[in-house]
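**Q** Residues per chain are reported as follows:
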Amino acid sequence: MAALLEVNHVSKQFGKDTKALKDVHFSVAEGEFVSIIGPSGAGKSTLLRCINRMVDATSGEIIFDNRNVLDLKKKELKTIRTKIGMVFQHYNLVNRLSVIENALHGKLGNKSALAGVLGLYSIDEKEEAMKILNALGLADLIYKRADQLSGGQKQRVGIARALLQNPRMLLCDEPIASLDPGSAKVIMDHLKNISTNWGITILVNLHQVDVALKYSDRIIGINNGQVVYNGSPKNLTKDDIQLIYGSEAEDLIFDVGGIHAS
Amino acid sequence: MEANEQMTNVSSATDPFLKPYPDKRLKSRAWNKSLVVMRTTLLLLTVLTVYAFVSFDYKEVDFKEAALGTLTNIKVMFLEPHLKHFTFLQAVHQVFVTLGLAFLTTLFGGLIAVLLGLLAAENLSSRRVSLLIKGLVSFIRAVPTVLWVLIFAVAAGLGSVAAVIGMTFHSVSYLVKAYSESFEELDRGAIEALQASGANWWQIVFQAVIPSSLTYMISWTFLRFEINFAVAVAMGAAAGAGGIGFDMFMASNFYLDIREIGAITYFILILAILLEVFGAGLKKKLKVNG
Ligand SMILES: Nc1ncnc2c1ncn2[C@@H]1O[C@H](COP(=O)(O)OP(=O)(O)OP(=O)(O)O)[C@@H](O)[C@H]1O
Ligand SMILES: [Mg+2]
Numbered sequence: 001m002a003a004l005l006e007v008n009h010v011s012k013q014f015g016k017d018t019k020a021l022k023d024v025h026f027s028v029a030e031g032e033f034v035s036i037i038g039p040s041g042a043g044k045s046t047l048l049r050c051i052n053r054m055v056d057a058t059s060g061e062i063i064f065d066n067r068n069v070l071d072l073k074k075k076e077l078k079t080i081r082t083k084i085g086m087v088f089q090h091y092n093l094v095n096r097l098s099v100i101e102n103a104l105h106g107k108l109g110n111k112s113a114l115a116g117v118l119g120l121y122s123i124d125e126k127e128e129a130m131k132i133l134n135a136l137g138l139a140d141l142i143y144k145r146a147d148q149l150s151g152g153q154k155q156r157v158g159i160a161r162a163l164l165q166n167p168r169m170l171l172c173d174e175p176i177a178s179l180d181p182g183s184a185k186v187i188m189d190h191l192k193n194i195s196t197n198w199g200i201t202i203l204v205n206l207h208q209v210d211v212a213l214k215y216s217d218r219i220i221g222i223n224n225g226q227v228v229y230n231g232s233p234k235n236l237t238k239d240d241i242q243l244i245y246g247s248e249a250e251d252l253i254f255d256v257g258g259i260h261a262s
Numbered sequence: 001m002e003a004n005e006q007m008t009n010v011s012s013a014t015d016p017f018l019k020p021y022p023d024k025r026l027k028s029r030a031w032n033k034s035l036v037v038m039r040t041t042l043l044l045l046t047v048l049t050v051y052a053f054v055s056f057d058y059k060e061v062d063f064k065e066a067a068l069g070t071l072t073n074i075k076v077m078f079l080e081p082h083l084k085h086f087t088f089l090q091a092v093h094q095v096f097v098t099l100g101l102a103f104l105t106t107l108f109g110g111l112i113a114v115l116l117g118l119l120a121a122e123n124l125s126s127r128r129v130s131l132l133i134k135g136l137v138s139f140i141r142a143v144p145t146v147l148w149v150l151i152f153a154v155a156a157g158l159g160s161v162a163a164v165i166g167m168t169f170h171s172v173s174y175l176v177k178a179y180s181e182s183f184e185e186l187d188r189g190a191i192e193a194l195q196a197s198g199a200n201w202w203q204i205v206f207q208a209v210i211p212s213s214l215t216y217m218i219s220w221t222f223l224r225f226e227i228n229f230a231v232a233v234a235m236g237a238a239a240g241a242g243g244i245g246f247d248m249f250m251a252s253n254f255y256l257d258i259r260e261i262g263a264i265t266y267f268i269l270i271l272a273i274l275l276e277v278f279g280a281g282l283k284k285k286l287k288v289n290g
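Which chain is which? The protein sequence lines are A and B, in order. Reminder that position 49 of the first sequence reads as 49 in the numbering used here, one-by-one numbering, no gaps. Reminder that position 111 of the second sequence reads as 111 in the numbering used here, one-by-one numbering, no gaps.
I should point out that these hints are in silico values taken from the structure, not numbers from a laboratory. Just so you know, even glycine gets a beta-carbon here, dropped at the ideal spot from N, CA and C. The reader is advised that the hints may include incorrect statements.
[Claimed, not checked] According to the in silico footprint, chain B covers these stretches of chain A (three or more CB under 8 Å from chain B):
1. 86 to 100
2. 105 to 111
3. 114 to 128
4. 158 to 167
With the rest of the complex left out, here is chain B (with noise of 0.2 Å):
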C-alpha cells in the first residue's frame, strides 16, 4: 500500500505531466526524518522484544504448571479476599491516611506551586527567571517522585517526612508547568488594561490571572491528586510512609497472606474509582462555568 504510493509519488515527481497538480494528501505522507526515525525504533524494539523471549532460558520452568500456578493465585486473591490481621475499620482508616497523605502534598505542592507558576510565566514575569524556574522544575520533574523521597530519606530517615517533602517537591515541579502554561496563555491584552489603569502586579495577579486559568488549574491540580494518591500507596510499602500501602506490604511481604492482598486490592480500586467519578463531576461542573 505504502511502498506503492512512494512508487507513484517519485514516478510523478519525476514526470511533471503525469499529475499537473501537487497531490496535497499525498505529500502530507511522504517520508520526513521524524517518521523514519520513529519507525525504525519501533521496529527495532519489537525484534529486540521477539529475540529476548526466543532466547530465554526456559529449562526450569514448566509453563502449564506456572500458568496455572498463577491463575490459581489470582483466583484466590480476588474471589476469597479476607482481612486477618486487622479489622475492616481499621483498613478504612488506613485508606484515609493514604489519603490524607495524598491531599497533603497536593495541597502543599499547588500553595508553592502557584506563587513559582507566576514567576515563571513569561508574560508575568522577567524572561531570565521564567527560563531558571522552568529549568530548575524539570530538572525535578524528570526524577520519579520515588527517588526523591528516598533521596529526602537520608537526611529526614524513612517514613512520613521524607514521604511527605519527596512527594511535594515532585508535585511543585509537575504543577509549576500546568500553572505557567495556563497563566502564559492568558491574553496579554487584558493584562495591560490593568496595567494602565494603574493597578499592580498582585492586584492583576488575582485580579485578572488567575480568574482566567482558574479551572485549568483545578483540572491539573485534581489530576496531580490522583497521581499523589497512587505514589502514596507506593511509599507506604517502599518508604514506610504508613497506610493502606503500608498494610499491603506488610500482606505480602511479612505475613504472606495472598487473600490479604486481594482485599486490600479492592480498597484501592473503589477509592480510585470513586476519586475518577468525583474528579469526572468537577470537571463537567468546570465546563459548565467555565
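Chain A with its partners taken away, still in its complex shape (with noise of 0.2 Å):
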C-alpha cells in the first residue's frame, strides 16, 4: 500500500536548548491504525502537531498525500488541514454551542468565508452530520449543549467534527486520557471502527500501553525525541519497552507481560 505520510528526518527544536524531536523517520499507509507511545515529555503530542504544522518543523520533511507540508502556503496549509482531522485529550469544544453544532464545525474549512461566518450549512451537510452522530451514538443529543456533556461523549463529538471533515487521518493526542475505562473503550472501539471501515488512517497518541497493543496495527516508540520502536505490536518486548520508557518502567513492562501472556 502507499504510504498516506512520510516523516522524513523531522526535528524540532523549541528555543535554544529544548529539542522534543530529533531526526524522527517513519511512514503511514493509507487506512492504517497506528499508535504512539512514549513518556511524558517524549516529544508526542509536538511530533502531531508538526504533521499538520499546529507547530512547524525545524527541519526534516513532512510528505502528506504527496505533498511537503512544510513547503505549503498559507492558503494550501489550509486545504491540507481539512483532510487532517485533529482530536484532543480535552476535546476542545465550544462549550455553549449544541452537539451538533461543534460538529459542523468541521465543515467551516470547506465552506466559503462569509458562510462559514452565518453558520449558513446545506441540508446535505446536516444530514451528514446527522448520519455521523448517529454513527457515534449522540443521536439523542443533538440539541444539547456540549458543557452539559460526560466526557466520553464530548470526545464522541470531537470525532464526529473531525469526521465530518472528510478527512483522510485522523491525529488522536491523547484522546482517552482524561475518560474512565468504560468510556474509553467506547471511544477505542469508535476510532478502530473508524480506521477498518471508513478507510480513514489513524495516528493516535496513547498512554496506556495495553490498549495501544490491543488496537493498533503497529506501535511507534518515542523516547526522548527519538523513535526507538517502530513495528507490529506482536513484536514488542520487554526490552522495547525498557527503551521506550526508560528504566522506571517496571510496572509496565509487569503489564505488558500479563497481556502477552493471556
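Now that you have both chains on their own, put them together as the hints suggest.
**A** See the structure below:
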C-alpha cells in the first residue's frame, strides 16, 4: 500500500536547547491504525502537531498525500488541514454551542468565509452530520449544549467534528487520557471502526500500553524525541518497553507480560 | 485587638518554642506594604476632612436657617412637582431623545469595540497590536466622557454631534476592555481545534469566540447603556445636546423653577428604575441560557 504520510528526518527545537524531536523518521500507509507511545515529555504531542503544522518543524520533510506540508503557503495549508482531522485530550469543543453546531464546525474549512461566519450549512451537510452523530451514538443529544455532556460524549462529538471534515487521516492526541475505562473503550472501538470500515488512517498518541497493543496495526515508540521502536505490536518485547519508557518502567513491563501471556 | 495580635506575633517569632506551628490565620493578617499605604492614606484623608470642616469660615452662614431652607426647597421640589414650561407628553418625548442618545452611542461604540476588542485580545491577535490598542483605549478611558464631548465640541460646536462623537469615543474604550477580556477568557483549545480543521480567522471568531462570550458582551453593553443614559442627561445640560437634561438645565438656570426640577427628576428616576429592572431581567435570562 502506498504511504499516505511520510515523516522524513524531522527535528523540532523549542527555543535554544529544548530538542523535542530528533531526526524522526517513519511512514504510515493509507488506512493504517498507528499508536505512538512514550513517556511524558517524549515529544508525542509535538510530533502530531508538526504533521498539521500547528507547530512548525525545524527541519526535515513531512509528505502528506504527496505534498510536503512544510512548504505549503497559508492557503494551501488550510486546504490540507481540512484533510487531516484532529482529536484532543480535552475535546476542545465550544461549550456554549450544541452538539450538532460543534460537529458542523468540521465543515468550516470547506466553506466560503461568509457562509462559515454566518453558520449557514446546507441540508446535505446537516444530514451528513446527523448520519455521523448517529453512528457515534449521539442521535439523542444533538441539541444538547456541549458543556452538559459527559467526557465520553464530548469526545465522540470531537470525533464527529473531525469526521465531518471528510478527512483522510485523524490525529488523536491522547483521546482517552481524561476518560474512565468504560468510555475509553467506547472511544477506542469507534476509532478502530473508523479505521477499518471507513478506511481513514489513524495516528493516536496513547499513554496506556495495553490499549495500544490491543488496537494498533503498528506501534511507534518515542523516547526523548527519538523513534526507538517502530513495528508490529506482536513483536514488542520487554526490552523494547524498557527502551521506550526508560528504566523506571517495571510496572509497565509487568503489564505487558500479562497481556502477552493471556 | 490588632495591636495585641501583633504583639503575640512578634513574641512567637522570637520564641519558636512558644508556638511550634506557624499560625496561618495570623500570618495572613500581618502588616505588609500595601496595607500600610492604604491605612495611612485613609487616616490622612480623615484628618484632612475633619480639619477642613473645623477651619471653614462660617461667619456669614446661619446653620439653622440654611438647613431649614434646604429642607423647604427639597420639600417643594419633590412634594409639589409640576410642569409649567412644557407638557407631560413633551417631557416623555424629551426622555426618549435622551434615551436615543444613549442608545445610539452605545450601539456605535459596541460595533466599533467588537472589532477593536478582537484585535486587542491576545489570543486572537499579535502581541504588538494587542498592546497598542490596549494602551490607546486605557488612555481614552482615563479622560472622562464629558471632557471628550467638550474636546469634540471644539470642532463640531456644542450640541448633539459633539455629544454623540464624544460619548461613542468613551464607550468604545470602555467596551474594548470589557470585550477583549472576555475574548481572552475563552480557552485556547476551541480556537486551536478550529484552526487545525482549516477554518479561517473570521470563521473562528464568529463560530467560537463570539458565541462563547456573548452573555458577557451583552451584560457589559447594557451596563454601558445605563452609564450612557446618565451621561446623556448630563450632556443635555452641559453640552446642549437636547433631551431631558437640557430641560432640566433650563428649569434650574433659566426659569429658576424648583418644582419643575422635581418633576424632571421623577422622570429620570422612573426611567432609571425601569432600566434597572429590565437589566436585572436580562441578566437572569442570560444566566438561564448562559
Ligand atoms: N510550545 C512549546 N514551547 C517550548 N517547549 C515546548 C513546547 N511544547 C512542547 N515543548 C517541550 O517539548 C518537549 C516535548 O513535549 P510534548 O508535549 O511533545 O511531549 P509529550 O510526549 O506529548 O508529553 P505528554 O505525554 O506529557 O503529553 C517537552 O520537553 C516540552 O517541554
Ligand atoms: Mg502530549
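**Q** Take the hints in turn and mark each one as holding or not.
**A** We went through each hint and held it up to the structure:
no., hint, in the structure
1, 86 to 100, "holds (count 10)"
2, 105 to 111, "holds (count 6)"
3, 114 to 128, "holds (count 4)"
4, 158 to 167, "holds (count 4)"
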